[in-house]
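Chain by chain, the residues run as shown.
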Amino acid sequence: MTGFPLLTALVLLPAAVAAIVAMLPRTRLDAIRMVGLLGSIATAVLSGYLLTRFKVGAPGYQFVTDHVWIRSLGIHWKLGVDGISLFLIALTGVLFPIAIAGPNVDHDVKSYIVWLLVLEAACMGTFLALDLFVFFVFFEVVLVPMYFLIANWGHGRRDYAAMKFFLYTLAGSAFLLVGMLALVFLHARGAAPLTFDFVTLMKDPGVSQATARWLFLAFAVAFAVKVPLFPLHTWLPDAHTEAPTAGSVILAGVLLKMGTYGLLRFDLGLFPEAAKHWAPLLATLAVIGIIYGAAVAAVQKDLKRLVAYSSVAHLGFIVLGTFAFTSQGLSGGVIQMINHGVSTGALFLLVGMIYERRHTRAISELSGLQKAAPLMAAVFTVVMLSSIGLPGLNGFVGEFLVLIGSFGPHRWWAVVATTGVVLAAVYLLWAYQRVFHGEPVGDNAAMPDLQWREKLVLAPLVLLIVGMGVYPKPVLDRINPSVNELVHHVQAADK
Amino acid sequence: MTFLAQVQNPLNFPTQPTQTDTFHLPHVEYSLLLPELIVIGGALLLLLLSALIVRRRNINVNTTLTLITLGAAGAPLFWRWHEYRDHAAKVAKLSPSVAQLGSAVAGGPPTRAVVGAIANDGFGIYVVGLLLIVAALGVLIGDSWLRREEQARGPEFHVLVLLATAGAMFMAVSNDLIVTFLGLEILSLPLFVLAAYHSRRAIGREAAMKYFILSAFSSALFLYGVALVYGATGSTNLDEIGSFLAQNVVTNGVLLAGMGLLLVGFGFKVAAVPFHNWAPDVYQGAPSPVSGFMAAAAKVAAFAGMLRVFMTALSALRLDWQPLVAALAFLSLVVGAVLAAVQTDVKRMLAYSSISHAGFMLVGLQAGTLDGVSATLNYVAIYSFMLLGAFAVVTVASSPSHDVNQDLRDYRGLARRRPGLALLFTIFLLAQAGVPLTGGFIAKFDVIAAAVNAKSYALAVIAMLSAVIAAFLYLRIVLSMYTSGDDDAPIARDPALRPSRAMAVALAVALIVTVATGIIPGPALDLARHATFAF
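In order, the protein sequences belong to chains F and R.
At position 468 of the first sequence (counting the first as 1) the number is 468 in the numbering used here, and the numbers step up by one without a gap.
In short: position in the second sequence from 1, add 1000, done, that's the numbering used here.
Hints listed in this document are in silico derivations from the structure and should not be mistaken for laboratory results.
All C-beta atoms, glycine included, are put in the ideal place defined by N, C-alpha and C.
Hints should not be assumed to be uniformly reliable.
Which stretches of chain F does chain R cover? Using the computed rule of at least three CB atoms under 8 Å from a CB of chain R, they are [claimed, not checked]:
{"no.": "1", "segment": "66-76"}
{"no.": "2", "segment": "130-140"}
{"no.": "3", "segment": "144-156"}
{"no.": "4", "segment": "160-168"}
{"no.": "5", "segment": "171-177"}
Computed beta-carbon distance windows for the label pairs [said to hold, decoys possible]:
{"no.": "6", "chain 1": "R", "residue 1": "Asn1277", "chain 2": "F", "residue 2": "Thr65", "range": "49 to 57 Å"}
{"no.": "7", "chain 1": "F", "residue 1": "Asp30", "chain 2": "R", "residue 2": "Ala1496", "range": "27 to 35 Å"}
{"no.": "8", "chain 1": "R", "residue 1": "Gly1253", "chain 2": "F", "residue 2": "Asp204", "range": "45 to 53 Å"}
{"no.": "9", "chain 1": "F", "residue 1": "Leu194", "chain 2": "R", "residue 2": "Pro1109", "range": "28 to 36 Å"}
{"no.": "10", "chain 1": "F", "residue 1": "Ile41", "chain 2": "R", "residue 2": "Lys1090", "range": "55 to 63 Å"}
{"no.": "11", "chain 1": "R", "residue 1": "Ala1075", "chain 2": "F", "residue 2": "Arg213", "range": "49 to 57 Å"}
{"no.": "12", "chain 1": "R", "residue 1": "Asn1252", "chain 2": "F", "residue 2": "Ala188", "range": "38 to 46 Å"}
Work the whole structure out from these sequences, hints included.
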């Protein structure tokens, strides 16, 4: 451990760069883009450094920083990282430069870059927070930049989509805030000092079994909206579809993970017994999400909407794995979070590239793109197969572990969920067939292939897809100690 | 003891001290009333100056003198605050429980003045200080409005603001229902005139008329409540009512009716549902700077009075008023937010949302704890800055139409015409929505924490959900500023929307407080806590 406050820097660096960009003159577009990109790359480097300095095989939190923030309420600026949050940090670090460098926007570039950087800071804060208050603050702050990204640079019904996204999540957070405060005050009732410290609260929440079950639900509602879990998912297709490409990438890649991360970290950590109590409910909703998301994705006419609904299905797998309470299920869930971030992020980028060229996302208007843009088709194939879960690519590792892990505790759930894998193949391959195969009709024939900038943007994602699929061990080695500790924590809770 | 009790004691209650029937003037500690006296003196001085120097009616002089007056009134507060806090800290060290109960410990500064009619405590100092700042911001915003609208006829605007502030200050330090009532009236009367200040606007006069009639009505109810409480307890002094109720069980309905009427009276002043109907019309009709000042000052003063009356005098009846206050809070939260969401006039939106904010403050009161009191204080303080900031932006943004066009449509594309102004408005609105890292979030957080700590879980959830509805409204305004229908249009700054220097100062203060309390909430929270420490 070094004296350098690495985790605080991860939060403050993007925020500081955002402030710098905000001070640049509005017309210097190149400078704005360059500073923004360099800032996000620097953050990525910092998160990479964190990855290398992370002590493998050790459970518990590393690089912990702890400063008093609001003394009278016992609120601390406490950040820490363990095997579960480590890769979410890395994922955030990787996706943001890609989102900034990849798609272009045609107006108000400065505020666009500023919002993206603010969003990155908030995302980092959410995953690093070890104080409930700090977590909540960042969890909420995320909404503002994302709202503006969708509302100002989105497509079609962007106003509606942005508003829906904001209000849905805010409504969920209402329960989280009250639940969190109830937990904190009930904990302090036993003459303990007021504290929002997650680690202290996790050791002994100090609430009765019945209360814990209610509090679990209060937390779970907020996270279920964010995941999104069926039936709270209806904001997602609109937000994903109408968001600008970078917004979709971050929304799918990073923001949805806040929900599953919250369930994993806070719901399981703070209320292990209640988690066991409610596990059938959550697992059922997850499986419904898997089947429903896949079925609805299959009938979409809009390519981007199809990808959006596939997220509902994929996130269902993560939740299913989380509530299996086995180490395979949980680490499968964590890996699946990363995988989904990478592969769905890449899918949204590709859909965005098609849209930039053809100005349509309607599947019926696209055809034979393979002939016009063979390289794009190749990349799309790899990403799509990863999303389907083809062995050898990253998607397989996560889904496989989730299904194995949940087969024991929730046998029939796992059986039904397996059909989701088949359905994923159906809707993705069918879409691929319609968009890329056949003869290019009309404008499709003249569609240009990937440019060097786009290749550069997609390359790291493709590398990750293949790399993590072939050799997931380094990732699992870091995840497993933390996951095992959590599994133990849940299993030890008296039934 | 009170004037009334001294003059006449028909019922001869046991708590009444045996007193001769000779009337003698009470001892008045003028030094403790210095802030109030300075503000009134400043107002009179301004009037006098304008009468003597007829030719040179200069608005610069008026504004400067008003600000100096407010500053001078604030100066004594500093050392009194330190004196109070040092003493409170000493008491807390000796015995924390005593300090919690707020009983006086020998050796400290006097906690009561003017025969117990005035309270000299941290609560009063805090609220008075807040009111002085609110008045200063109101004058700064009003200054540029007066110039623009060519309404700078004389010092009337400034005088009225000062007098209203003096009334509000009396409410804040009052420890007697009669003084509270006087403060209420001194506050309200200048506000009626201010609402109709624009000499060429009929809508302002309509607003003033509505405000006057409904306010007079509510004052009457309040006064009737005072009379009933006096009838039931034999005193109008808050301490004496409190100790009487602590020692005697009053079972008749007179006290409850009195309590209910007091609640109605305060409910009118803070615009709580179902006593809210005047607010939208008045906020919309009054000049924007006046709406801002009125909303902030009246809320601060009324909540100060309300907290004092219900938490000290009527604290024994807590179980009776808590459900009523909770019902008012619930209605204000939901009705305010829902009706705000369907408005199309920005000032009406802000009016209805202020009703919803009043609901939040009532949530703090219904907790019935010291935490609740300090949370309510903190809320009303932070809210004042957010609200004044918002009305300052409204004043600037509507300058081309002279304050008339306040429809949501008129705000379309403001971000293109004046990006900085739009950003400021966005910050004030998001803060009101309770987005973290702004003061608005801390205000809400503290109130909800107090409610949860008092086990009002359902009300806490409803409050947060109503905040979601309210967020919709704020985002609607934000959205209309950032959509012009033509994204590619270049940014063309509109010189007509340039804030004047006084306005810029007001905006800067409101912005700094709104943001700073969000990022470093500790000092603001501690201030409110210390203020209620020996409540």
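Now for the hints, and whether the structure bears them out:
1. Note: the segment 66-76 of chain F has 5 residues with beta-carbon separation from chain R under 8 Å; the three-residue rule is met and the coverage holds.
2. Check on the segment 130-140 of chain F: 4 of its residues sit with their Cβ under 8 Å from a Cβ of chain R, so the three-residue criterion for coverage holds.
3. Only residues whose beta carbon comes within less than 8 Å of a beta carbon in chain R count, and the segment 144-156 of chain F has 5; three or more means the coverage holds.
4. With 4 residues having a Cβ less than 8 Å from any Cβ of chain R, the segment 160-168 of chain F passes the three-residue criterion, so the hint holds.
5. Judged by the Cβ-Cβ criterion of 8 Å, the segment 171-177 of chain F is covered by chain R as claimed, because 5 of its residues qualify and three suffice.
6. A hinted range of 49 to 57 Å holds for the C-beta pair Asn1277 (chain R) and Thr65 (chain F), which are about 52 Å apart.
7. Evaluation of the 27 to 35 Å hint for Asp30 (chain F) and Ala1496 (chain R) yields a pass: the beta carbon distance comes to about 33 Å.
8. Separation of Gly1253 (chain R) from Asp204 (chain F) is about 49 Å and conforms to the stated range, judged on CB atoms against 45 to 53 Å.
9. Taken as a hint, the range 28 to 36 Å holds for the pair Leu194 (chain F) and Pro1109 (chain R), whose Cβ atoms sit roughly 30 Å apart.
10. Evaluation of the 55 to 63 Å hint for Ile41 (chain F) and Lys1090 (chain R) yields a pass: the beta carbon distance comes to about 56 Å.
11. Take Ala1075 (chain R) and Arg213 (chain F): their Cβ atoms lie about 56 Å apart, and the range 49 to 57 Å holds.
12. Distance hint check for Asn1252 (chain R) and Ala188 (chain F): the Cβ-Cβ separation is about 41 Å, which falls inside the suggested range of 38 to 46 Å.
The structure shown violates none of the earlier numbered hints.
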